[in-house]
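Asker: Chain by chain, the residues:
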Amino acid sequence: MNILVCVKQVLAAAVRIFPDADSHWICSESDEYVMNRFDEFAVEAALLLRETMPAGRVDVISVGPERAEAVIRRAMGMGADNGIHVVTETHGYMDPAFTAALMAAYVRNRDYDLILTGVMSEDDMNGQTGPMMAEMLCLPCATAVIHMEMLGASAVYVEREMEGGVRDALEIQLPALLSVQSGIHQPRYPSLSRMLRANRHSIEMIRAEFPDVPTSAVHVARTAFPGKIRAGCFLEGSASEKAARLLKILQARLLIR
Amino acid sequence: MNSLIVVIAEHADGQIRPITYELVACARRLQRLQPADIRIVVLSDPVETLAETLSQKTGLPVDAIRVPHLTGYHGDVYRSVLAKFLKDLQPRYVCTAHTSQGLDFAPGLAIRLGAACITGVEAVTEINGDICFTRRICGGKLVADMVTDHPQRVLSILPGSFSADASEAVEPGAVFCKTATSTTPVRSISRGILRSSVKASGIMEADVIVAAGRGVGDKDNLELIFRMAALFSGSAVAGSRIVCDMGWLDYAQQVGVTGFTVQPSLYIACGISGAIQHVSGMRASGFIVAINSDPNAAIFNVSDVCIVEDMLTFIPLFIETAQHQ
Ligand SMILES: Cc1cc2nc3c(=O)[nH]c(=O)nc-3n(C[C@H](O)[C@H](O)[C@H](O)COP(=O)(O)OP(=O)(O)OC[C@H]3O[C@@H](n4cnc5c(N)ncnc54)[C@H](O)[C@@H]3O)c2cc1C
Ligand SMILES: Nc1ncnc2c1ncn2[C@@H]1O[C@H](COP(=O)(O)O)[C@@H](O)[C@H]1O
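Residue numbers (this note's numbering), protein chains in the order written: chain A, 1 to 257; chain B, 1001 to 1325.
Read the hints as simulated data drawn from the structure, not as lab findings.
In this text, a Cβ means the ideal position worked out from N, Cα and C, and glycines have one as well.
One-sided and incomplete, this derived list gives chain B residues near chain A with beta-carbon spacing under 8 Å:
1. G1139
2. A1144
3. S1190
4. I1307
5. T1321
Listed below are the simulated DSBU-like cross-link pairs for lysine-lysine, each with C-alpha atoms no more than 35 Å apart in a straight line:
6. A:K228 <-> B:K1219
7. B:K1219 <-> B:K1199
8. A:K248 <-> B:K1219
9. A:K228 <-> A:K248
10. B:K1087 <-> B:K1178
11. B:K1199 <-> A:K228
12. B:K1178 <-> B:K1084
Isolated chain A, as found in the complex (with noise of 0.2 Å):
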């Protein structure tokens, strides 16, 4: 049972950021980068199957720049057994369909029974890359996975979160590729000793140039704050100041007394 897990490298959430005109995309205060949060879910998921499955292993992958060799590390110190990076110049906006061919070139003709991801990215949101990979793998795949038992070592039973405390359950076929909504387990803190053997453990390195990766077809125009769906008053003046102020808009509207 070989399992491999995305995991992605993204700004820390509470890193402040703003527009940047010049790369169409953002800038930020500082590069505090952290694995994205819902990646540390399917790490974890990765880990705790491996357990009930002898003989197996978890791999890593993350698509990034040099700097996201940090997360690759920090999923091996949760005690994934090998990483591999695949190396990438850009540092704005990358399409997931292109991040996802990147991984499926990688995953093709090597022998994972799973694959995971997160639900979605912090920064990007898109939701995507996961089941395009499936799709290009022809695999198949379920999303936003809260539970999941192996069924034997052909099949995975899952269950699936919807919309209104609903979940939707399914049987299906290894390999397949399953993206895990948070919360499913409690993701395990790396241990100083993992972390100290997967730092002289090598991370495969791979130059993201294969030739069958389609162009990136989706773009980013500009980015800019949100606008304002509400008069979003801003209280002034010290803390005790605001305090004292809040306290008077609820009498005011009755909502304290």
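Based on these hints, arrange chain B with the ligands on the given structure of chain A.
Answerer: For chain B with the ligands alone, kept in the frame of chain A given last:
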């Protein structure tokens, strides 16, 4: 010949979902920018009643595809039936819903059709002759205008972005019935629909909701949220998905697309970034107050009152102020 816009109807439990009419509104918007015909495609078994409803409500032509034994949604079936059907029609746009159904089949369908795919579209505008598709990025902190030269586009439309036409069509559209053949999914077999037993814990009835996001930092700090809630009568504590995923609050208290939709008189969002999946569950609240340390947090765009402060120091201050009045 006019180009074509196809709307894929979303339905569940034998009912057309309201988002379908929002997709029609989006298609009409696209049609105003570039002349095109609009058709609705609906997949089910039986399919006639669904198709009739669609044709009467919208006045648009409907392709009713009966897929033997398909009652609900099935990803493999949707992708293969739609790819086959749409290959011949060569639509310029395929409009799907940005929901757990649409997001499951749209990207794969785009690959099968060789089309470009843009998900989470909130607005369509024309800028300098380019049709731009606006979508949120980075947890909603920014929006991006996406463009493509590709002649065929599969879009997923964010619920709540286009207002559906409330009036019924004057004349129903024509219904074209078809039956799809050999669609038995072998690679993924449906095992049915499971309904969660999680019931909202008091948040649906609450008049005031104090909601915690990841900004609360620690489970122990939730005590502040509960103390804040205690200032109001008829109040309840809720949380973002992350807070529930961490086990700090129960899923019965989660607000958002995959949680509960609430509409209290007052919603106080503490340390919540304002991701659309959360906002869609609380934006109808009467009055919204947000406390966040990031002045650019997306939650401020949907709030009446915005407070840029560290919630861990501000909330105790507010409680004290309220108690000493
Ligand atoms: C298919 C799908 C379904 C989803 N369904 C839901 C759903 O139903 N409900 C839901 O909530 N989410 C849902 N999500 C997740 C959603 O996309 C966001 O990830 C989530 O809402 C973010 O939660 P948050 O705002 O608590 O955390 P974050 O995004 O991490 O935001 C934390 C915020 O706290 C602020 N902050 C940090 N420290 C402080 C401090 N000391 N004082 C004040 N502010 C501080 C930060 O500036 C930041 O804005 C879903 C996602 C997907 C993909
Ligand atoms: N550059 C990347 N490298 C590795 N995996 C990725 C990359 N981009 C996206 N993914 C995977 O695809 C998922 C969905 O991403 P997206 O389509 O950008 O929302 C993520 O959660 C990752 O698992």
